[in-house]
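A.B. asks: Residue numbers are given in the numbering used here: position 49 of the sequence shown equals residue 636, and the series is strictly consecutive.
Honestly, I wouldn't trust all of these hints.
As the list claims (entries may be wrong) - In silico DSSO-like cross-links for lysine-lysine, where the CA-CA straight-line distance does not exceed 27 Å:
1) Lys761 with Lys669
2) Lys645 with Lys732
3) Lys645 with Lys729
4) Lys645 with Lys761
As the list claims (entries may be wrong) - Derived DEER-like restraints, expressed as beta-carbon distance ranges:
5) Gly844 with His632: 33 to 43 Å
6) Val659 with Tyr824: 40 to 50 Å
7) Thr634 with Arg893: 42 to 52 Å
8) Gly641 with Pro670: 27 to 37 Å
9) Gly842 with Leu611: 15 to 25 Å
10) Thr634 with Pro742: 42 to 52 Å
11) Lys847 with Ala652: 54 to 64 Å
12) Thr923 with Pro704: 35 to 45 Å
13) Leu643 with Ile756: 33 to 43 Å
14) Ser707 with Ser788: 19 to 29 Å
15) Ala663 with Pro610: 30 to 40 Å
16) Val651 with Gly674: 17 to 27 Å
No lab work stands behind these hints: they were computed from the structure.
Remember, predicted model here, so these are calculated numbers, not experimental data.
Using N, Cα and C, we set each Cβ at its ideal position, and we do this for glycine too.
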Amino acid sequence: MSRPTPSEPRPGPVDGRLRTLVPLLVGFGLVMVYSASSVLSFIHHGTSTHYFTGQLLKAGIGIVAMLVVARVDYRAWRLLAKPLLWGSLVLLAVLVIPVARGWTAEINGARRWIVLPGFSFQPLEVAKLALVAWMAATIVRKREKLDSPLDGLVPLVVVPSAMAFLLLIQPDFKGAALILLTAWTLLLLGGVRWRWLLGLSAAAVPAVGFALVIEPYRMRRLMAYLRPEQDVQGISYQIHQSLISLGSGGWFGVGLGSSKQKFAFLPAAHNDFIFSIVGEELGLLGTLALLAAFLYLGWVGFRIARRAPDGFGFLLASGVTFLLVTAALVNVGVATATLPTTGLALPFISYGGTALIVQLVCVGILMSVSRYATEDRER
Numbered sequence: 588m589s590r591p592t593p594s595e596p597r598p599g600p601v602d603g604r605l606r607t608l609v610p611l612l613v614g615f616g617l618v619m620v621y622s623a624s625s626v627l628s629f630i631h632h633g634t635s636t637h638y639f640t641g642q643l644l645k646a647g648i649g650i651v652a653m654l655v656v657a658r659v660d661y662r663a664w665r666l667l668a669k670p671l672l673w674g675s676l677v678l679l680a681v682l683v684i685p686v687a688r689g690w691t692a693e694i695n696g697a698r699r700w701i702v703l704p705g706f707s708f709q710p711l712e713v714a715k716l717a718l719v720a721w722m723a724a725t726i727v728r729k730r731e732k733l734d735s736p737l738d739g740l741v742p743l744v745v746v747p748s749a750m751a752f753l754l755l756i757q758p759d760f761k762g763a764a765l766i767l768l769t770a771w772t773l774l775l776l777g778g779v780r781w782r783w784l785l786g787l788s789a790a791a792v793p794a795v796g797f798a799l800v801i802e803p804y805r806m807r808r809l810m811a812y813l814r815p816e817q818d819v820q821g822i823s824y825q826i827h828q829s830l831i832s833l834g835s836g837g838w839f840g841v842g843l844g845s846s847k848q849k850f851a852f853l854p855a856a857h858n859d860f861i862f863s864i865v866g867e868e869l870g871l872l873g874t875l876a877l878l879a880a881f882l883y884l885g886w887v888g889f890r891i892a893r894r895a896p897d898g899f900g901f902l903l904a905s906g907v908t909f910l911l912v913t914a915a916l917v918n919v920g921v922a923t924a925t926l927p928t929t930g931l932a933l934p935f936i937s938y939g940g941t942a943l944i945v946q947l948v949c950v951g952i953l954m955s956v957s958r959y960a961t962e963d964r965e966r
C-alpha cells in the first residue's frame, strides 16, 4: 500500500473542541426550546412538549447527518457544488412561480417554505450552503482569472445576485442580504482585489435602498429601529417586549423555566427571540456565556479553515463558519435592538427544522476539514 502524498494527507481525528462544543449548544437549545415554547405549545396543541419533541427529532437527524458528513472527505463537496447550486436555484424559483403555489406555504406574507407530504423545508438554508460550496470551488478553479472581470468575476457576482433576486420576490430581504454578504466575504477571502470589492459595494448601495423603499414594511421596521419608543404597541412591540425580557433577567435571571414573557407577551419566543428568554431566565451572565460560546465556535472554525491543506478547504470552512457566526451575531443584535428587526434564527438554539439540520451539516463539514488539518500556512 502506497503512502499518502503531501497533496493527499492522511485523515486524523475530528477537532475535539467541535465535538464537545456543538453537542452542548444543541443540548442547551433543546432545554431552551422546551422552556420558551411550553406555554404556547399547551395553548395550541394541548401538550407542553409539542415543539420540544419536534426539535428533538430534528436534532437527532441533524446529529446523524453531521457525523456522516464528518466522515466524508470534504473535497467531495467540490463535486457536489454545481448540482447543489442548480438544485437550490430551482427550489428558490419554485417559491415565486405562481403555478407552484400548491407546493408552497405563505407565512406572515412571505413564501419561504416548500410543503411536501409529511414534511416541509426552507430552500434558503440549503441555498446558503450550496452557494458557499460552489463559490469555494469556483474561486479555486478561476484563481488566475479573478482579475479579469468577464472571465473570472462576473459568474461569481451573477449567481449570488440571482439568488438574492429570487429571495427578494418572496419577499425575504434578510435572506437576500445574507447571500450577498456571504458572497462578498468569500470573494475577499479568495483574493479578489479591493478595487473590485469596493466597486461591488458601491453598486449594492442603491440596490439596497430600492429594496427598502419598494416594501413599506421594511421602512416601518427601519423607522422602528431608529425610533423604537414611538410605537411600542405596533411595529416596535416585538423589540420592546424583547428588551423587557432581557431587562427582567438582571445578572442571574429569574430561573430556568420561570419566564413571564413567554406567556404570549413576546412573539416568536421559541425561535427568533429565544435569546431574550435566555436573558430573562439565565440573566446577563447566561447571555454572555452563550455569546462567548458562539465567538469561540467562530475562532475554532476559522482556525480549522486556516489549517486546511488546500484553498478549497480554506474557503469552504471559512464560508460555513461565517454562516454560523453571522447568524448568531445578527440574532443577538436584533434581540438587543442593536440591529433592525429581522427573522433570523439563533443557530442550534432556536426552534426550526431545516435550519438546525443544515447548521449541523455545516459543523460536519468543519469536522471533515479538521481531520485533514495541517500547520498554519500562507494562502
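A.B. asks: With reference to the structure, classify each hint as holding or not holding.
C.D. replies: Against the structure, the hints come out as follows:
Between Lys761 and Lys669 the alpha-carbon distance is near 24 Å, which keeps this suggested pair within the 27 Å criterion. Under the criterion of a C-alpha separation no larger than 27 Å, the hint pairing Lys645 with Lys732 is inconsistent with the structure, at around 42 Å. Between the alpha carbons of Lys645 and Lys729 the distance comes to roughly 38 Å, so the proposed pair goes past 27 Å and is violated. Under the criterion of a C-alpha separation no larger than 27 Å, the hint pairing Lys645 with Lys761 is consistent with the structure, at around 24 Å.
Here the CB-CB span from Gly844 to His632 is close to 18 Å, at odds with the stated 33 to 43 Å. Taking the beta carbon of each, Val659 and Tyr824 are about 46 Å apart, inside 40 to 50 Å as hinted. At about 47 Å, the CB distance of Thr634 to Arg893 agrees with the hint of 42 to 52 Å. The hinted range of 27 to 37 Å is satisfied by Gly641 and Pro670, whose Cβ atoms lie roughly 30 Å apart.
Between Gly842 and Leu611, the C-beta spacing of about 21 Å keeps the proposed range 15 to 25 Å intact. A hinted range of 42 to 52 Å holds for the C-beta pair Thr634 and Pro742, which are about 50 Å apart. Restraint check, Lys847 to Ala652: a C-beta distance of roughly 37 Å breaks the suggested window 54 to 64 Å. For the hinted restraint 35 to 45 Å between Thr923 and Pro704, the CB-CB distance of approximately 40 Å keeps it satisfied.
In this structure the supplied range 33 to 43 Å holds for Leu643 paired with Ile756, their Cβ-Cβ distance being about 34 Å. Evaluation of the 19 to 29 Å hint for Ser707 and Ser788 yields a failure: the beta carbon distance comes to about 35 Å. A hinted range of 30 to 40 Å for the beta carbons of Ala663 and Pro610 is inconsistent with their spacing of about 24 Å. A C-beta distance of roughly 21 Å is found between Val651 and Gly674, which places it inside the suggested range of 17 to 27 Å.
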